[in-house]
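Visitor: Spelled out, the chains give:
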Amino acid sequence: MKRINVFGSASSTRPFGAGDLLALLLVLVVLYAGARLALNAPDVISGPTIDLKPRALPWYAALSVGRMTAAYTLSLLFTLVYGRIAAYNRRAEQIMMPLLDVLQSVPILSFLPVVLLGLSAILPEAIAVELAAIVLIFTSQVWNLTFAWYQSLTTIPKELREASSIFRLNGWMQFRVLELPFATISLIWNSMMSWAGGWFFLMAAEIFTVGQRDFRLPGLGAYLHEAAEQSNFGAITWGIGALILVIVLLDQFIWRPLIAWSDRFKVATLTEAEPPTSWFYDLWSSASLASWLRDRVSGPLLERVDQWWLRHFPVRETAVAPSVGAQWLGRALPLLPLAVLLYGGYRAGLMLLSLPLTQWEQIGLGLMATLLRVVVALLIALAWTVPLGVAIGTNRRLAALLQPLVQIAASVPATALFPVLLLFVLRLPAGLNIAAVLLMLMGTQWYLLFNVIAGASAIPQDLRYTSDLLQLGRLERWRTLILPALFPYLITGAITASGGAWNASIVAEYANFGGQTLQTTGLGALISDATAQGDYALLLAATLTMMFAVVLLNRLVWRRLYVLAEEKYRME
Amino acid sequence: MMGENGVLLQLKRVSQQYGSGERRFTAVEDVNLTLGEGEFVALLGPSGCGKSTLLRIITGLQAATSGEILYRQRPLRGVNPYATIVFQTFALFPWLTVLENVAIALKVKGVPADLRATRAIDALDRVGLDGFENAYPRELSGGMRQKVGFARAIVTEPELLCLDEPFSALDVLSAETLRGELLELWTGGQIPTKAILMVSHNIEEAVFMADRIVVMDKNPGRIIANLPVNLPHPRQRKAVEFQNVVDQVYATLAGQTQPEYLELGTAPGEPGRTRRLPQVAIPDLAALLEYLSDLPGNRTDIYRLADELNLNSDTLLSLVETAELLGFATIARGDITLTSLGETFAEASILARKEIFATCIRRLPIFKWLLAMLRAAERRQLDWNVVQTALELEFPPQEAEAQMDTMVNWGRYAEILAYNDDNTMLYLESGATSSN
Numbered sequence: 311m312k313r314i315n316v317f318g319s320a321s322s323t324r325p326f327g328a329g330d331l332l333a334l335l336l337v338l339v340v341l342y343a344g345a346r347l348a349l350n351a352p353d354v355i356s357g358p359t360i361d362l363k364p365r366a367l368p369w370y371a372a373l374s375v376g377r378m379t380a381a382y383t384l385s386l387l388f389t390l391v392y393g394r395i396a397a398y399n400r401r402a403e404q405i406m407m408p409l410l411d412v413l414q415s416v417p418i419l420s421f422l423p424v425v426l427l428g429l430s431a432i433l434p435e436a437i438a439v440e441l442a443a444i445v446l447i448f449t450s451q452v453w454n455l456t457f458a459w460y461q462s463l464t465t466i467p468k469e470l471r472e473a474s475s476i477f478r479l480n481g482w483m484q485f486r487v488l489e490l491p492f493a494t495i496s497l498i499w500n501s502m503m504s505w506a507g508g509w510f511f512l513m514a515a516e517i518f519t520v521g522q523r524d525f526r527l528p529g530l531g532a533y534l535h536e537a538a539e540q541s542n543f544g545a546i547t548w549g550i551g552a553l554i555l556v557i558v559l560l561d562q563f564i565w566r567p568l569i570a571w572s573d574r575f576k577v578a579t580l581t582e583a584e585p586p587t588s589w590f591y592d593l594w595s596s597a598s599l600a601s602w603l604r605d606r607v608s609g610p611l612l613e614r615v616d617q618w619w620l621r622h623f624p625v626r627e628t629a630v631a632p633s634v635g636a637q638w639l640g641r642a643l644p645l646l647p648l649a650v651l652l653y654g655g656y657r658a659g660l661m662l663l664s665l666p667l668t669q670w671e672q673i674g675l676g677l678m679a680t681l682l683r684v685v686v687a688l689l690i691a692l693a694w695t696v697p698l699g700v701a702i703g704t705n706r707r708l709a710a711l712l713q714p715l716v717q718i719a720a721s722v723p724a725t726a727l728f729p730v731l732l733l734f735v736l737r738l739p740a741g742l743n744i745a746a747v748l749l750m751l752m753g754t755q756w757y758l759l760f761n762v763i764a765g766a767s768a769i770p771q772d773l774r775y776t777s778d779l780l781q782l783g784r785l786e787r788w789r790t791l792i793l794p795a796l797f798p799y800l801i802t803g804a805i806t807a808s809g810g811a812w813n814a815s816i817v818a819e820y821a822n823f824g825g826q827t828l829q830t831t832g833l834g835a836l837i838s839d840a841t842a843q844g845d846y847a848l849l850l851a852a853t854l855t856m857m858f859a860v861v862l863l864n865r866l867v868w869r870r871l872y873v874l875a876e877e878k879y880r881m882e
Numbered sequence: 009m010m011g012e013n014g015v016l017l018q019l020k021r022v023s024q025q026y027g028s029g030e031r032r033f034t035a036v037e038d039v040n041l042t043l044g045e046g047e048f049v050a051l052l053g054p055s056g057c058g059k060s061t062l063l064r065i066i067t068g069l070q071a072a073t074s075g076e077i078l079y080r081q082r083p084l085r086g087v088n089p090y091a092t093i094v095f096q097t098f099a100l101f102p103w104l105t106v107l108e109n110v111a112i113a114l115k116v117k118g119v120p121a122d123l124r125a126t127r128a129i130d131a132l133d134r135v136g137l138d139g140f141e142n143a144y145p146r147e148l149s150g151g152m153r154q155k156v157g158f159a160r161a162i163v164t165e166p167e168l169l170c171l172d173e174p175f176s177a178l179d180v181l182s183a184e185t186l187r188g189e190l191l192e193l194w195t196g197g198q199i200p201t202k203a204i205l206m207v208s209h210n211i212e213e214a215v216f217m218a219d220r221i222v223v224m225d226k227n228p229g230r231i232i233a234n235l236p237v238n239l240p241h242p243r244q245r246k247a248v249e250f251q252n253v254v255d256q257v258y259a260t261l262a263g264q265t266q267p268e269y270l271e272l273g274t275a276p277g278e279p280g281r282t283r284r285l286p287q288v289a290i291p292d293l294a295a296l297l298e299y300l301s302d303l304p305g306n307r308t309d310i311y312r313l314a315d316e317l318n319l320n321s322d323t324l325l326s327l328v329e330t331a332e333l334l335g336f337a338t339i340a341r342g343d344i345t346l347t348s349l350g351e352t353f354a355e356a357s358i359l360a361r362k363e364i365f366a367t368c369i370r371r372l373p374i375f376k377w378l379l380a381m382l383r384a385a386e387r388r389q390l391d392w393n394v395v396q397t398a399l400e401l402e403f404p405p406q407e408a409e410a411q412m413d414t415m416v417n418w419g420r421y422a423e424i425l426a427y428n429d430d431n432t433m434l435y436l437e438s439g440a441t442s443s444n
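First to last, the sequence lines map onto chains A and B. Adding 310 to a residue's 1-based position in the first sequence gives its number in my numbering. Adding 8 to a residue's 1-based position in the second sequence gives its number in my numbering.
These aren't lab readings, by the way, just hints derived from the structure by calculation. Built from N, CA and C at the ideal position, the CB exists for glycine as well. Hints are supplied without guarantee of correctness; some may be wrong.
Here are the simulated BS3-like pairs of lysine-lysine, each with C-alpha atoms no more than 27 Å apart in a straight line [to be verified]:
#	chain 1	residue 1	chain 2	residue 2
1	B	Lys117	B	Lys226
2	B	Lys226	A	Lys468
3	B	Lys376	A	Lys468
Which residues of chain A face chain B? A partial, calculated answer using Cβ under 8 Å [what the hints assert, rightly or not]:
#	residue
4	Asn480
5	Met483
6	Phe485
7	Val487
8	Lys576
9	Leu612
10	Val615
11	Asp616
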């Protein structure tokens, strides 16, 4: 388990730059456009009928995986193009990277209502909902992938780049021989994370329903939702079983083999630790089919593709300087989108101003309530993950025993379990409040736990021996060794976790369940309610507020802690 | 020896600058260089003298700020198609096999697959790597990896073979073997290469291999000498003639101790050049002085020190420069002589050494400047970044940071400076405020 860099460009401690403002403006205008479109959204949207018979499950599973695959393919294409432009074009980079940073920290789920309503106003219902789900999953998967690709491109060792220039590799060959192989490991790890995160949003999209508008999609999520609605415990068990089975199958047949395969792309010259293994990969690579495919199909094909590119796009002897006209065009062209942006921002401002003060008060109150829930969820998660994580991370036997269990538990997307959770918790007083915190907790605790385990197992053995020799007491040991060593990992985990908690608030604070609508005070509830009522000014204001709150928290609190952790508490 | 036709490469008044306005720094200044067919030239100098920059300009990886680069009388534009580089860190693609790494240079030239393999295997044979075609670079030792680097470079039959410190990342034995093997290929005419240009900071290596040594110095990077090496191959390192050339190069690089006002330079911000502090570890400096104090007459040839103290020439020259700068030694004609101050230091106790050291560095303009700023500052403390920003008017950012590191390091040893990394504040050490 590796710790990932959650702030691609955290080196600057300045909270906001011009690029950030532009990025925020862009998001604002896109949201406004969505909200404008949504004005024409139909008032009643009827969802699909869900079949609870177990034999319907394979079809639902196929639909869910299909949506994920479509979104992931889209993400990968976007990543390769966007990251490459940002890495090689200095001027574009100055806007593209802050934009990525803002988008990455925005609670994506808060955009779902706007996107759903906007699309269903212009497209047939079924297509609109399907597309909205894919867009949502795409936006949840794409940013870290793009960051990974961009970071790989910008960290390729200088001498490898020089070698490919001196040996005259053209753009395609550089991409195939240098850039893609160099980024492979990072792309695969991030794809895995994206995929895991995608389930959370897929389930949320499949079960999303507000008031008269039923946006559900046929799939595993809707199946679980329907099963919980009808209190059909048999179906609930079938549904969860199917979901876990799908996730495990994907892990064993796609991700593990890919990781084992990608080990060859390690740049580090020393062979450390044991290489990752996969039984399926071993089986596959020893099969004669694989070598036949390589020798007869992929090898010759690749050779042809390479030759085609080399013939048609040879290395240019000298860079052609752009003509004066082209230079002017290059300077003037960005002005047009900027003008559109500013006008859009102006219209959005008008819409926001039309909102009465009382509703702004509601938004403020909701923000506080949701923030409180996020903090409580985070504290509860810390309280149990730190002791357990340290125990697992420092004890091999325990790790061997618990690690697989934890991984399976973590692989089930929290949103899939939410309807089931409601079934039980709603009977309690303040039921939805508890359920909301629980959902946030379920969505976030695993990030923390995995990071704590990684941090604890990274404590150097000689430091542990030293604290044994010094006979440090339990308290002293935690204070001087364990907590400081965990700090960077805790911060990384907490940043991801709090992002997840904000996302969860959209589905957690408002629920259509058993034919009735339940809601509690909170920003997420406000967003869902505004979607149901068709109050588009409120929807825009609440969504924006959540976005700004999260971005601000990231910049002012998390980023500083992250920089502190990187500078002071890193084990070299 | 070489006619007009024999000239491969010509640099005319080539300069390379970075940055702009007040913060404009010259990496390479006004370099004139001619490389003829059949020549093996070594570009030698301390780190930071711009020799690698010059190599990149010659191969077209980098464009010079000004000046002309002619290859066979034609101005060079873009990457030089007649040159290849063997890199210091090998620069092999880790995910390609040895054979693929060599063959890729041919593939992009449109050589068909079967011919590619034949020629790549032939190149690997010549460097003695037959049998390792299907290994991955990570399975090979450093020396063998560099052989792949050589095979990849010669497989395209370049006219100009550029070597960027090709032996400095290798262990001593592999480096020595590889040097011999390269010389065999070159002097035996087994490769169609017309000329070799090798960047090196290892003086013995340059004398061992090259026909001509172009000596560069830093601040700014420039050529200070052109020394022919007229010794027949194979050269004997212990031979007197060989040692004489080494001595001559050391003498060129170490220079001559100047009168104090020239030697010390000026403070940052004042007219004139601020002297850069060499980056050395103080225990190493002490060891050098102790060694010298045990010698008869407290003097020796600098080149002998490299062998006897087992130091590379780069580190040795930095140490010698430090000793000279602080007044512990004087340099003349490649000899180093301990001063009486240096002798006192060498024989002093730990605490007395610190006091002597403190007195010495207080004389340096850059330290005077820093101490004066600290004394004038509120609560006698300054933020690291403030000082570094001020230094960046004199040095490029990276160099400014390195100078800060050295000042803090020396100041801490002398107990006149303190630095707190938590709040990045520099302090005057109490007791250091009153004197001087």
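Visitor: Does each hint fit the structure? Answer for all of them.
Guide: Each hint tested on the structure:
A hinted pair counts as satisfied when its Cα atoms are at most 27 Å apart, and Lys117(B) with Lys226(B) does not qualify at roughly 39 Å. Only pairs whose Cα atoms come within 27 Å are accepted, and Lys226(B) paired with Lys468(A) is accepted, the gap being roughly 23 Å. Among the hinted pairs, Lys376(B) with Lys468(A) is inconsistent with the structure: their alpha-carbon atoms are about 39 Å apart, more than 27 Å. Checking Asn480(A) against chain B by beta carbon gives a least distance of about 7 Å; that is within 8 Å, so the hint holds.
Given hint, Met483(A) at the interface with chain B, holds; its Cβ is 6 Å from that chain's nearest Cβ, closer than 8 Å. Checking Phe485(A) against chain B: minimum C-beta separation of about 13 Å lies over 8 Å; hint violated. A least Cβ separation of about 6 Å between Val487(A) and chain B falls short of the 8 Å threshold, and the interface hint therefore holds. A least Cβ separation of about 7 Å between Lys576(A) and chain B falls short of the 8 Å threshold, and the interface hint therefore holds.
Interface restraint check: Leu612(A) against chain B, minimum CB-CB distance 11 Å, threshold 8 Å, status violated. Using the Cβ-Cβ criterion of 8 Å, the hint placing Val615(A) at the interface with chain B is not satisfied: the shortest such distance is roughly 12 Å. Because the closest C-beta pair between Asp616(A) and chain B is about 7 Å apart, less than 8 Å, the hint holds.
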